[in-house]
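A.B. asks: According to the working numbering, the sequence shown is numbered sequentially starting from 13.
Hints were generated in silico from the structure; no laboratory data involved. Fair warning: this is a prediction, and the values are worked out from it, not measured in the lab. There's no promise every hint is true.
Unchecked claim - Beta-carbon label-pair distances, calculated as ranges:
#, residue 1, residue 2, range
1, 67, 27, 15 to 23 Å
2, 91, 27, 29 to 37 Å
3, 27, 69, 29 to 37 Å
4, 56, 15, 28 to 36 Å
5, 14, 55, 36 to 44 Å
6, 48, 76, 32 to 40 Å
7, 68, 25, 15 to 23 Å
8, 25, 67, 25 to 33 Å
9, 69, 25, 30 to 38 Å
10, 67, 26, 14 to 22 Å
11, 34, 92, 18 to 26 Å
Quick reminder that beta carbons are idealized off the backbone N, C-alpha and C, glycines included.
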Amino acid sequence: MQASHGVAVVLDDDLLAFNRVIGVVRRRNLPVAGITVGPTERPGELRLAFFLQADDGSAERLLRQLEKTHGVHAVTLVPQPSEAVP
Numbered sequence: 013m014q015a016s017h018g019v020a021v022v023l024d025d026d027l028l029a030f031n032r033v034i035g036v037v038r039r040r041n042l043p044v045a046g047i048t049v050g051p052t053e054r055p056g057e058l059r060l061a062f063f064l065q066a067d068d069g070s071a072e073r074l075l076r077q078l079e080k081t082h083g084v085h086a087v088t089l090v091p092q093p094s095e096a097v098p
């Protein structure tokens, strides 16, 4: 079953690093629901956040691949709030 996973990536403020990260996601052919890019509190770094529609195994494999990508400093799986709201 596919679920929505939030992914946050801290990477170099460099177009090549950004292109590498997007390339990893594109090669895995995983659907992305939304994407946001912005600066971090540290100069020279960007935070890339996106929502991914994938099963748990595919999301974990993507995280491991992103961690190996040149120019990436940190990768985090952002917990999703429960869809059941009382």
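A.B. asks: Enumerate the violated hints, using their earlier numbering and listing them in ascending order.
C.D. replies: Numbers 1, 6, 7 and 10 - these are the hints that the structure violates, sorted from lowest upward.
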